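Using the sequences and the hints given, assemble the complete structure.
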Amino acid sequence: MLCTEAFAVDSDPRSRDRALAWVAMLGDARAQARLLSGNPSPAWLWATALTGRVQAVDRAIEMLEDETLARHAGEVIHLVAGLPRHDERFWLDNGAVAEGDDPDVALPKLDDDDLEAELAPLDDRPLPLPNPETIRLWWEQQRGRLDAEARLSLGLPFDGRQLLHDLRKQSMRLRHSRALELAARTGGVAQIESRALTAVQSAQIESLADQITQVQCQRGLPI
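Taking the working numbering, I'd label the letters of the sequence shown as residues 1 to 223.
Some hints could be false.
[Stated by the list, open to error] Here are the simulated SDA-like pairs of lysine to any residue, each with C-alpha atoms no more than 25 Å apart in a straight line: (1) K169 with P42; (2) K169 with P84; (3) K169 with D210; (4) K169 with V189; (5) K169 with R185; (6) K169 with R89; (7) K169 with A203; (8) K169 with P157; (9) K169 with N39; (10) K169 with L146; (11) K169 with A183; (12) K169 with P222; (13) K169 with D124; (14) K169 with E206; (15) K169 with L180; (16) K169 with L154; (17) K169 with E62; (18) K169 with L122; (19) K169 with W139; (20) K169 with T198; (21) K169 with I223; (22) K169 with D159; (23) K169 with L208; (24) K169 with Q211; (25) K169 with A184; (26) K169 with D66; (27) K169 with E133; (28) K169 with Q216; (29) K169 with Q218; (30) K169 with A31; (31) K169 with A150; (32) K169 with S207; (33) K169 with I205; (34) K169 with Q214; (35) K169 with A43.
Everything labelled a hint here was simulated from the structure, so no lab data went into it.
Note that this is a predicted model, so its numbers are computed, not measured.
Below, the structure is given as structure tokens:
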């Protein structure tokens, strides 16, 4: 059902985007390969990052100079392959980091933000602008060192320990998706309220830490 929704040409865009994310997180290698051959968009790039596949980085590299997708592409390369996020050689700016009136350089003021909107990582303003030249060179050096048959997170095999790390340390953009995958892979037994206060999330994560490290993240599930 999820695969049908994800790859249907006439499906509702928001439903399709959600289905793509689920296929990325839970699909087998064949389903993920089909996803990776899709048409570029911000939601599609986010889904490719969730696959954790080396091929997702290959696709992202192609979009580093795309005016509308470059920041999303840089995020994919960071999340999958571990491109250093705070190394200035790889980034041309730091993204929007503060509130303000200029929508091109700042996030919306709290009073103006749509708090009822679905929390989806499609806004590229918080993301840094990648430096295509230095990133391509870095990828040429790194690609052969990574396992092209495995799901990766930050350049490491995506297993239960890495899942725990991502829940503890990664941004809210990724933490929500990781919490959804955790719930799905444990049959709903292990759940993190990823939209709760940070202190609540942290307490939940630590209470489930041992269980999280045992989660199998490489195997596809029936979807």
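How the hints compare with the structure:
1. K169 with P42: Given pair K169, P42 holds - Cα atoms ~23 Å apart, limit 25 Å.
2. K169 with P84: holds (15 Å)
3. K169 with D210: Since the Cα atoms of K169 and D210 sit roughly 16 Å apart, the hinted pair holds (cutoff 25 Å).
4. K169 with V189: holds (22 Å)
5. K169 with R185: holds (20 Å)
6. K169 with R89: holds (23 Å)
7. K169 with A203: Roughly 14 Å separates the two Cα atoms, so the pair holds.
8. K169 with P157: holds (16 Å)
9. K169 with N39: Judged against 25 Å, a Cα distance of about 31 Å means the pair is violated.
10. K169 with L146: Distance ~22 Å between K169 and L146 Cα, so the pair holds.
11. K169 with A183: holds (18 Å)
12. K169 with P222: violated (29 Å)
13. K169 with D124: holds (20 Å)
14. K169 with E206: With a Cα-Cα distance of about 12 Å, the restraint between K169 and E206 holds, given a limit of 25 Å.
15. K169 with L180: The given pair, whose Cα atoms are some 16 Å apart, holds under the 25 Å limit.
16. K169 with L154: holds (12 Å)
17. K169 with E62: Violated, at roughly 28 Å.
18. K169 with L122: holds (20 Å)
19. K169 with W139: holds (24 Å)
20. K169 with T198: Distance of about 11 Å is within 25 Å: holds.
21. K169 with I223: violated (29 Å)
22. K169 with D159: Holds, at about 15 Å.
23. K169 with L208: Satisfied, since the Cα-Cα distance of roughly 15 Å is no more than 25 Å.
24. K169 with Q211: holds (17 Å)
25. K169 with A184: holds (21 Å)
26. K169 with D66: violated (29 Å)
27. K169 with E133: Distance of about 28 Å is beyond 25 Å: violated.
28. K169 with Q216: holds (20 Å)
29. K169 with Q218: It holds: about 21 Å lies between the C-alpha atoms, which stays within 25 Å.
30. K169 with A31: violated (29 Å)
31. K169 with A150: Holds. K169 to A150 sits at ~22 Å (cutoff 25 Å).
32. K169 with S207: holds (16 Å)
33. K169 with I205: Distance ~11 Å between K169 and I205 Cα, so the pair holds.
34. K169 with Q214: holds (18 Å)
35. K169 with A43: Answer holds: K169 to A43 is near 23 Å, not above 25 Å.
In this structure, the hints that do not hold are numbers 9, 12, 17, 21, 26, 27 and 30, in rising order.
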